[in-house]
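Protein chains: 2
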Amino acid sequence: MVGMLFPHLSEKLPGRKLKKRAGEEEQQAQSKKALKKQQKEAEKAAKKAEKQAKLAAEQQETDEDDFAKDRYGICPMVQSQQKLDRVLVRVQDLTPEKAEQQIWVRARIHTSRAKGKQCFLVLRHQQSTVQALLAVGDRASKQMVKFAANLTKESIIDVEAVVKKVEQKIESCSQQDVELHVERIFVISQSEARLPLQLEDAVRPEGEGDEVRNGGEGRATVNQDTRLDNRVIDLRTTTSQAIFRLQSGVCQLFRDTLINKGFVEIQTPKIISAASEGGANVFTVSYFKTSAYLAQSPQLYKQMCICADFDKVFCVGPVFRAEDSNTHRHLTEFVGLDIEMAFNYHYHEVIDSITDTMVQIFKGLRDRFQTEIQTVNKQYPSEPFKFLEPTLRLEYKEGVAMLRAAGVEMGDEEDLSTPNEKLLGRLVKEKYDTDFYVLDKYPLAVRPFYTMPDPNNPKYSNSYDMFMRGEEILSGAQRVHDAQLLTERAMHHGIDLEKIKAYIDSFRYGAPPHAGGGIGLERVTMLYLGLHNVRQTSMFPRDPKRLTP
Amino acid sequence: MVGMLFPHLSEKLPGRKLKKRAGEEEQQAQSKKALKKQQKEAEKAAKKAEKQAKLAAEQQETDEDDFAKDRYGICPMVQSQQKLDRVLVRVQDLTPEKAEQQIWVRARIHTSRAKGKQCFLVLRHQQSTVQALLAVGDRASKQMVKFAANLTKESIIDVEAVVKKVEQKIESCSQQDVELHVERIFVISQSEARLPLQLEDAVRPEGEGDEVRNGGEGRATVNQDTRLDNRVIDLRTTTSQAIFRLQSGVCQLFRDTLINKGFVEIQTPKIISAASEGGANVFTVSYFKTSAYLAQSPQLYKQMCICADFDKVFCVGPVFRAEDSNTHRHLTEFVGLDIEMAFNYHYHEVIDSITDTMVQIFKGLRDRFQTEIQTVNKQYPSEPFKFLEPTLRLEYKEGVAMLRAAGVEMGDEEDLSTPNEKLLGRLVKEKYDTDFYVLDKYPLAVRPFYTMPDPNNPKYSNSYDMFMRGEEILSGAQRVHDAQLLTERAMHHGIDLEKIKAYIDSFRYGAPPHAGGGIGLERVTMLYLGLHNVRQTSMFPRDPKRLTP
Numbered sequence: 001m002v003g004m005l006f007p008h009l010s011e012k013l014p015g016r017k018l019k020k021r022a023g024e025e026e027q028q029a030q031s032k033k034a035l036k037k038q039q040k041e042a043e044k045a046a047k048k049a050e051k052q053a054k055l056a057a058e059q060q061e062t063d064e065d066d067f068a069k070d071r072y073g074i075c076p077m078v079q080s081q082q083k084l085d086r087v088l089v090r091v092q093d094l095t096p097e098k099a100e101q102q103i104w105v106r107a108r109i110h111t112s113r114a115k116g117k118q119c120f121l122v123l124r125h126q127q128s129t130v131q132a133l134l135a136v137g138d139r140a141s142k143q144m145v146k147f148a149a150n151l152t153k154e155s156i157i158d159v160e161a162v163v164k165k166v167e168q169k170i171e172s173c174s175q176q177d178v179e180l181h182v183e184r185i186f187v188i189s190q191s192e193a194r195l196p197l198q199l200e201d202a203v204r205p206e207g208e209g210d211e212v213r214n215g216g217e218g219r220a221t222v223n224q225d226t227r228l229d230n231r232v233i234d235l236r237t238t239t240s241q242a243i244f245r246l247q248s249g250v251c252q253l254f255r256d257t258l259i260n261k262g263f264v265e266i267q268t269p270k271i272i273s274a275a276s277e278g279g280a281n282v283f284t285v286s287y288f289k290t291s292a293y294l295a296q297s298p299q300l301y302k303q304m305c306i307c308a309d310f311d312k313v314f315c316v317g318p319v320f321r322a323e324d325s326n327t328h329r330h331l332t333e334f335v336g337l338d339i340e341m342a343f344n345y346h347y348h349e350v351i352d353s354i355t356d357t358m359v360q361i362f363k364g365l366r367d368r369f370q371t372e373i374q375t376v377n378k379q380y381p382s383e384p385f386k387f388l389e390p391t392l393r394l395e396y397k398e399g400v401a402m403l404r405a406a407g408v409e410m411g412d413e414e415d416l417s418t419p420n421e422k423l424l425g426r427l428v429k430e431k432y433d434t435d436f437y438v439l440d441k442y443p444l445a446v447r448p449f450y451t452m453p454d455p456n457n458p459k460y461s462n463s464y465d466m467f468m469r470g471e472e473i474l475s476g477a478q479r480v481h482d483a484q485l486l487t488e489r490a491m492h493h494g495i496d497l498e499k500i501k502a503y504i505d506s507f508r509y510g511a512p513p514h515a516g517g518g519i520g521l522e523r524v525t526m527l528y529l530g531l532h533n534v535r536q537t538s539m540f541p542r543d544p545k546r547l548t549p
Numbered sequence: 001m002v003g004m005l006f007p008h009l010s011e012k013l014p015g016r017k018l019k020k021r022a023g024e025e026e027q028q029a030q031s032k033k034a035l036k037k038q039q040k041e042a043e044k045a046a047k048k049a050e051k052q053a054k055l056a057a058e059q060q061e062t063d064e065d066d067f068a069k070d071r072y073g074i075c076p077m078v079q080s081q082q083k084l085d086r087v088l089v090r091v092q093d094l095t096p097e098k099a100e101q102q103i104w105v106r107a108r109i110h111t112s113r114a115k116g117k118q119c120f121l122v123l124r125h126q127q128s129t130v131q132a133l134l135a136v137g138d139r140a141s142k143q144m145v146k147f148a149a150n151l152t153k154e155s156i157i158d159v160e161a162v163v164k165k166v167e168q169k170i171e172s173c174s175q176q177d178v179e180l181h182v183e184r185i186f187v188i189s190q191s192e193a194r195l196p197l198q199l200e201d202a203v204r205p206e207g208e209g210d211e212v213r214n215g216g217e218g219r220a221t222v223n224q225d226t227r228l229d230n231r232v233i234d235l236r237t238t239t240s241q242a243i244f245r246l247q248s249g250v251c252q253l254f255r256d257t258l259i260n261k262g263f264v265e266i267q268t269p270k271i272i273s274a275a276s277e278g279g280a281n282v283f284t285v286s287y288f289k290t291s292a293y294l295a296q297s298p299q300l301y302k303q304m305c306i307c308a309d310f311d312k313v314f315c316v317g318p319v320f321r322a323e324d325s326n327t328h329r330h331l332t333e334f335v336g337l338d339i340e341m342a343f344n345y346h347y348h349e350v351i352d353s354i355t356d357t358m359v360q361i362f363k364g365l366r367d368r369f370q371t372e373i374q375t376v377n378k379q380y381p382s383e384p385f386k387f388l389e390p391t392l393r394l395e396y397k398e399g400v401a402m403l404r405a406a407g408v409e410m411g412d413e414e415d416l417s418t419p420n421e422k423l424l425g426r427l428v429k430e431k432y433d434t435d436f437y438v439l440d441k442y443p444l445a446v447r448p449f450y451t452m453p454d455p456n457n458p459k460y461s462n463s464y465d466m467f468m469r470g471e472e473i474l475s476g477a478q479r480v481h482d483a484q485l486l487t488e489r490a491m492h493h494g495i496d497l498e499k500i501k502a503y504i505d506s507f508r509y510g511a512p513p514h515a516g517g518g519i520g521l522e523r524v525t526m527l528y529l530g531l532h533n534v535r536q537t538s539m540f541p542r543d544p545k546r547l548t549p
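Going line by line, the protein sequences match chains A and B.
For the first sequence, the residue numbers in the UniProt record's numbering are 1 to 549.
For the second sequence, the residue numbers in the UniProt record's numbering are 1 to 549.
These aren't lab readings, by the way, just hints derived from the structure by calculation.
Among the hints, a few may not be true.
For chains that are exact copies, the list does not tell them apart, and a pair is met inside one copy or across any two.
Simulated pairs of lysine-lysine, PhoX-like, Cα-Cα distance not exceeding 20 Å [claimed, not checked]:
id, residue 1, residue 2
1, LYS499, LYS40
2, LYS397, LYS48
3, LYS499, LYS545
4, LYS37, LYS386
5, LYS545, LYS146
6, LYS289, LYS545
7, LYS54, LYS117
8, LYS363, LYS36
9, LYS115, LYS378
10, LYS501, LYS545
11, LYS459, LYS499
12, LYS499, LYS289
13, LYS386, LYS422
14, LYS69, LYS146
15, LYS459, LYS397
16, LYS54, LYS44
17, LYS499, LYS363
The model shown is predicted, which means the values in this text are computed figures rather than measured ones.
So that you can see chain A by itself, here it is in the shape it has in the complex:
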């Protein structure tokens, strides 16, 4: 049957090639000592050659009468030559319930270790691993075991095997209660032998690697640039698999929650004719015979959708910032989760909607992604993420007062520096036991021109930031929905009115009061998991120094 399935089994992994030794006759004369040495070497070489010749003869002989020769090999490239009803069981589904069943599995070779007449493999698929065993016997020949032992790590194989319960848990695998007794093994895609990084190094907790290295043992960790340069391999680690599955969950929870609240998803253009948030930090694009910009946010467009009566809108998409800052939390391209919403009388209606959405995300992650959270925690330990219901909302003034009480000197209308943000996060955590809170009513001076001033105090504004573990993840505000006031505010900020004419005109034909905010996806994932660099939560991060892969 195998012959039919893989009719063109074309190659076997090459055995070690015999090296030819030549020109030994020319080595004579010289000193006695040298002669003796040469003699010794010649003997050694002869012995080795003899041994290798024997091995090769053996190989050839047994190749011919290898009873298992149809049970292993390298498949021709899968080019959809045939349809096949064969069911492939996933590694994560290999449990004691499948004991004694004969099944097919497709997986990567995570590790391989030969031991006498046996070969132990660890097979990996995504976050799951299982032990597999080949032993010389009825079903496997010596050659077949050798073939398996020589397979390169990360190669993808199809294996037919019987699932066997084990008496002692296999601690090194995710599937601890079973192992596979392999009966057939075929390579679907071979990996090159030399990997640019080792997966076991890439999942080693940072501390462990360094500490041991300092002690002289040198168990390696993988530095960030090596990871990112070889992202395809780095993304295969259990940690990466968990991070990006959880991130997919953040998007899903964000959208599902908003759709349940009656929001409509919109798509906003990324190529725009004028810088949406002012001229600085914007990328320029050649656009046929003119030039354009990459949107720094969907701000203007989501507001235009509000003016167009969509009432509650969200969008998920890339946001571009030409900031030449190489920090742990800045990217030049990131994913914005954006919300805009008409409200009736008070922008706190919108804050409540956003904080509830965040709480639904936190709960969904906690309840549905516990495996992923724990996987990441193994490599990057952190405290579980804490939040309150309803969400804590402090006024900016209160935040400043807390910082001052802790010894910080700052003005009333001064923006929060990053260290002060973090300090305030710690103070809030101590006092209220939450990793998530809203800081409301920022000074007007530190917010964009379209921010609605506080009606009761012209120094403040109807604007807010939201924080996770002391770092900002959302910035938002009630927007000015009156063309007259918007014009005044733009002029106050020195913005060229001609360039934002279409934007201002949007408010001339009746505009509902509205507010919104923009969330950074990578930051939410990073901070929820307690990670420390936003590049860990961006699959292919972009910063001033990195454009590849």
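Let chain A serve as the given structure and place chain B on it in line with the hints.
Just chain B now, with coordinates in the frame of chain A:
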């Protein structure tokens, strides 16, 4: 109570101002005729002045004793001065069940018509309209009715009213069984009087407008550029509201179906270092001291995710094409719904997954967006969208044979022209009664370098397009997952290997066989609804000539 709610009622709509007439003494002498004319004019002016003075006096008098003066007016800008528990009922929820209830509604003034001591308003919110009536009487003064009659179209108002059942259906409104008897009316946001386009013109079926105009009556329709230049107003029409709600549904159905199938959502970078689909048609971005490109597709990145063991991935995001083509179906920026999936043995596993996803979308739209479909059909009539289960799959050869049988001359390895695509769509519809089908096994020569050749015939490939109403909405293929073959194919296409090194290297460390495809969101929406221009299904379309709004 109203006084408390809107304590700073600051303005009333101004009455007509009296024009002062001056310098009449200086007009003497001249001819008798002129004198007579002047006398007549003076008399006329005097009469007018007298009348206006009387009106003004009346106005002032009645302003003072307007018993309803707290029941109407223009609110100060909503700046979140106060929180208010008032419930606003949505127009769409105004049904006979609410008869005799006193409620508040926020809506736009769609039309306003004064008639003696009454004023009829049509109030609109999104896709819904309701008639509202003010009549001079106990609850409304003459001034209040006049105030309402003078409100500009598209202004947003808060109205307190009693819901009344009507005896005769109000055909012109979506809420046909009730009307509102207005007791209070306050302006939340005033529209400028002169609208750049009239909503009733913007929803008029194309044919109707033109025909009547040819007949001399001149009922206008709105041309596409006027619509797009004033998109914020154009998007308020029932048709636009319906189109973009349905489009939001396409995205949601796409993702929900795939997540149910075990797909993971990924985010791929849009700023890339090398043109993903070859050097033509790519936008260039200034990137700090170097330059970069805008991704023409997430192709390379979704494949890298497959190599990184995510197995089944999708992404929804902008795609950029610097094509200088001004057709009904090309945009320079559109939204790609992208899928990539590892398969076991045959790429038809992936085709089946994609066609099932499309079928789930079609069913979801049919079942959940019937109101929207019918709304759009009123302006743009079309046949309901038909599809088969399982989806019809034809081979390219068969398509060519059908075209030849219909008189088309074309070579075996020639690509389908747009007219031939459409013709084939009609032939398929006639023969199989479906608006959706797959054309499989395209000639290798017309596909990108990363397309897997057909193992049985080197002139063909494991690639496919999918069509809706005879237009392509998806292009896809099994990809070459072998670094060696990929290198050969890239060289064959004359691609600079150095530029795609990271891409090719992705396949060196074990890569599963995989296939996928990219769907154009705007095209799916357009073709599902039977529309004829992709700009109708892009909120803020981008083409070589349009970058704003």
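- request: Go through the copies and call it for LYS386 and LYS422: within, between, both or neither, with a Cα cutoff of 20 Å.
  value: within (16 Å within a copy, 57 Å between copies)
task: With 20 Å as the alpha-carbon cut-off, assign the pair LYS69 and LYS146 to within, between, both or neither.
output: within (12 Å within a copy, 97 Å between copies)
field: Intra- versus inter-copy proximity for LYS545 and LYS499 (alpha-carbon distance at most 20 Å)
entry: Answer is between; shortest inter-copy Cα gap is 18 Å, intra-copy 31 Å.
message: When Cα atoms must be at most 20 Å apart, do LYS545 and LYS146 count as within-copy, between-copy, both, or neither?
response: Classified as neither; 46 Å inside a copy, 65 Å across copies.
field: LYS54 and LYS44: within-copy, between-copy, both or neither at 20 Å Cα
entry: Classified as within; 15 Å inside a copy, 129 Å across copies.
field: LYS363 and LYS36: within-copy, between-copy, both or neither at 20 Å Cα
entry: Neither: 78 Å inside a copy, 87 Å across copies.
query: Between copies, within a copy, both or neither: which fits LYS115 and LYS378 at Cα up to 20 Å?
result: neither (30 Å within a copy, 76 Å between copies)
message: When Cα atoms must be at most 20 Å apart, do LYS459 and LYS397 count as within-copy, between-copy, both, or neither?
response: within (12 Å within a copy, 72 Å between copies)
task: Could you figure out if LYS54 and LYS117 sit no more than 20 Å apart (CA to CA) within one copy, between two copies, both or neither?
output: within (19 Å within a copy, 115 Å between copies)
message: One pair to classify: LYS499 and LYS40, alpha carbons no more than 20 Å apart. Within, between, both, or neither?
response: neither (87 Å within a copy, 53 Å between copies)
- prompt: Given identical chains, is LYS459 near LYS499, meaning Cα to Cα at most 20 Å, within a copy, between copies, both, or neither?
  reply: Answer is neither; intra-copy 27 Å and inter-copy 53 Å both fail.
- prompt: Within a copy, between copies, both or neither: where do LYS499 and LYS363 come within 20 Å Cα-Cα?
  reply: neither (43 Å within a copy, 44 Å between copies)
Hint compliance for this structure: hints 1, 2, 4, 5, 8, 9, 11 and 17 are broken, all remaining hints hold.
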